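Asker: Under this note's numbering, the first residue of the sequence shown is numbered 31, with each subsequent residue one higher.
Keep in mind the hints are simulated off the structure, nothing from the lab. Remember, predicted model here, so these are calculated numbers, not experimental data. Glycine residues also receive a C-beta, built at the ideal position from the N, C-alpha and C atoms. Heads up, a few of these hints could be off.
Unchecked claim - With a straight-line cut-off of 27 Å between C-alpha atoms, the simulated DSSO-like cross-links for lysine-lysine are: (1) Lys-718 <-> Lys-728; (2) Lys-81 <-> Lys-190; (3) Lys-478 <-> Lys-466; (4) Lys-200 <-> Lys-190.
What the hints assert, rightly or not - For each label pair, taking beta carbons as the anchor points, the in silico distance ranges come out as: (5) Ala-226 <-> Gly-747: 29 to 35 Å; (6) Lys-279 <-> Ser-71: 30 to 36 Å; (7) Pro-503 <-> Thr-745: 53 to 59 Å.
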Amino acid sequence: MQTSPARHEYPAHWEADVVLRDGGTARIRPITVDDADRLVSFYEQVSDESKYYRFFAPYPRLSAKDVHRFTHHDFVDRVGLAATVGGEFIATVRYDRIGPDGTPASAPADEAEVAFLVQDAHQGRGVASALLEHIGAVARERGIRRFAAEVLPANNKMIKVFTDAGYTQKRSFEDGVVRLEFDLEPTDRSLAVQYAREHRAEARSVQRLLAPGSVAVIGAGRTPGGVGRSVLGNIRDAGYSGRLYAVNKALPDGQKELDGVPAHRSVRDIDGPVDLAVVAVPAEHVTEVVTECGEHGVQGLVVVSAGYAESGPEGRERQRALVRHARTYGMRIIGPNAFGIINTSPRVRLNASLAPEVPRPGRIGLFAQSGAIGIALLSRLHRRGGGVTGVTGVSTFVSSGNRADVSGNDVLQYWYEDPDTDVVLMYLESIGNPRKFTRLARRTAAAKPLVVVQGARHGAAPQGHAVRATRLPHATVSALLRQAGVIRVDTITELVDAGLLLARQPLPGGPRVAILGNSESLGLLTYDACLAEGLRPHPPQDLTTAASAADFHTALSRALADDRCDAVVVTAIPAVGEGPVGDAALAQALRSASAAAPSKPVLVVHVELGGLAEALSAAASTAPQATTDDQLQNAPSPTPAADQLPAAEAPEGAHLIPAYPAAERAVRALGQAVAYAQWRRDAAEPGKVPEYEDINEKGAAALIDGLLARGQGLTLGTDETCDLLGHYGVQVHRALPAPTPDAAAEAARDLGYPVALKATAPHLRHRADLGGVRLDLADEEQLRRSYAELTELFGAPEELRPVVQRMAPRGVDVVVRAVIDPAAGAVLSFGLAGAASQLLGDTAHRLIPVTDREAHSLVRSIRTAPLLFGWRGSAPADTRALEELLLRVSRLVDDHPEVVAVTLEPVVVASHGLSVLGASVRLAHPPARDDLGPRTLPAY
């Protein structure tokens, strides 16, 4: 939170929307003098027992003095916050700063008493926990470091709120009252508690949208056609298990049904609760609809109406007003401009979308910010050899449109623990909160595969998406997502290819691939593709074009039984005169062999085998069974196409074999699965952020505070840079200015020969190729001669800005950088100095804080890494020293968010040790960290 510019000014930045434990929303805001009537009304609805717990005595009503005290705050020493729904208070919290003797005080006193009151109807929704997070953040902003609370022993709910928060605390009991004291500095446990509560609340809010007990379609037209009427028909035709209503204010009096669905002129006329409303009215009428839904108690909205941020500035403001209005009533929104949602669970069977057909139930969760891409994804999954049958179908589908409220982060929270979803596929055009997305993606990927394709990679986000800009290039963002376990793909085709493999087959145990098939050429193409993807293929086994289904079965069984094989790619071309019977026999042979070794993935590359993909995906048993040559050669008639089979015929847990029309596509999907499986194994044993005894965190903090006292932001000078880095054990070789030859000679005597003479003018800095550097100068004569050569070549000393520096041992030149990105957070980057990183973009990235395992992988992840490990007989560089340097820089930036940029260039990594020859540091007051503050929804 930012600091309020005036002591008594209303702190608007404290206002926030939060998701509560049950999935509803509430607004938290400061209490002001205008809230007297709301406070009195709120208090009248609180039970006598809750009042007793708050005031330790019967307290039936608030006096005028009480109302004045509880509504008049200075927003510094006395602060009150209220949680509101529909504009009315449902809970309050306040703190009063106190001194050591417990009496009212002002700064520098850093303790405050805190007290809560929650309406009985809203207790158990997590309101007090959310208020505690926000009042704690407010208190820290105002210089309060500790809260004290006095609670009656019988008030177990409030005691639990404090004790479960995760702060460091102590408890005492005196005069029949429990006194709790706790520090407000966030701890690992308090952050873990906060993230867990955030997960439960946001997952529940999405679950309420995807599994409603009743749905109203508002804007269902009286005549066939139109968006509302189409959605109504789709919900009805899907066999929705709940109560369905049609709403149209233009219905004539007496009309009670529309397409066999109960019809009403207003949602207010519906007798009974409505959990979800699908809004399909013109944008100018949506506000009225939202008001009616809020007053009726609707829990969530899917707004398919267009005319919002995608239409320009006026629409963007209309969209903001829509979100604010819906949150006033505690409702969440999918959309506006949304394609809709689908839930294939037999308990729900909801198709509240514009898709005319429901995909068959399966295990893939699908999220698309674009309706057009959502249609394409559903269509491709359906076409890909039964990709929407059995275990390869769709569990839930969300197309968020402008994602003004519910985003991919919210849906990830839901899918993380959804028992019906095994694989998550996401099409994203923007990431509103990259820090949070990375955190959630890392957690999700540790449990189930998460495959992402990102649109708008090289341009601005779609007009309808309000997102913060990032200064990081797309390649960096992709690298950070991969670090979090996300399987990054570039196209919709690759998204489906990877998704089907991950949904149908187990993860590979390593990169060793067996290749077998009846086409030598197709096998060689597959072999080359494996090498290109970094896999380790065995030489292809050619079964010849005369191979029978039994031959395929034998070869595949032998390959799967080989301990040197982690996965198998089967290549197949049709035999002359072979028809559907041959396809079915081959599919049965491959399924039978694969079932005998269910721990290894099998993929098929087929060429012009129209029926093989369907047969491979057919919902037939994959249980191991004895197979004879006669059985394989005299196969039964072909299994019906997978998209003609009911999902119930697919055995639970069956591994269906994915088929691909090109070797490159199959191998690329396999390569992604191999990399993801390795990430899963590494994530199971996470590294740690090491402690270094020589780090002086307090000394660095004092230096930073002193430097920032000069202004808002500054680039440090050479001495200040060396001092700050020195507090973290990073020693920089000092470069002494040499404005004259005599000054250069004196500097060299101070440093000791041999020395280097460098020009540091901007156009020559770090450009040894231009001749602005002279190395290994052994004495004063060589130094003066080199000085004269530089000035003759490049101009006067004041233009060259020459410096003298002690020579460092020879080694490999690298660059280490850290930067604070406003959207992604702190990022550590590493690459070789010069053309490798500048021209080729060969730079690797990790999110800060970096662990020892991440530093180890960072050094080895650039393409030019072999230069550090003895390439062509050169001496290997001291990579352990390099990894330690990366960890120290990471610690500096993580410990001090005021350090917004660090560059170490060049760093010479020798056989033993390293030398930092150049360094720059930039300081600024730290930006707000929304991932560390209290839980909030994006502000509108």
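Asker: If a hint holds in the structure, say so; if it doesn't, say that too.
Answerer: Quick rundown of the hints versus the structure:
1. The suggested pairing of Lys-718 with Lys-728 holds, with an alpha-carbon distance near 22 Å, which does not exceed 27 Å.
2. The hinted pair formed by Lys-81 and Lys-190 meets the criterion: a straight-line CA distance of about 18 Å does not exceed 27 Å.
3. For the hint pairing Lys-478 with Lys-466, the CA-to-CA distance comes to about 18 Å; that is within 27 Å, so the pair holds.
4. In summary, the hint linking Lys-200 to Lys-190 is supported, as the alpha carbons are separated by about 14 Å, within the 27 Å threshold.
5. Restraint check, Ala-226 to Gly-747: a C-beta distance of roughly 45 Å breaks the suggested window 29 to 35 Å.
6. The hinted range of 30 to 36 Å is satisfied by Lys-279 and Ser-71, whose Cβ atoms lie roughly 32 Å apart.
7. The hint said 53 to 59 Å for the Cβ distance between Pro-503 and Thr-745, and at roughly 23 Å that hint is violated.
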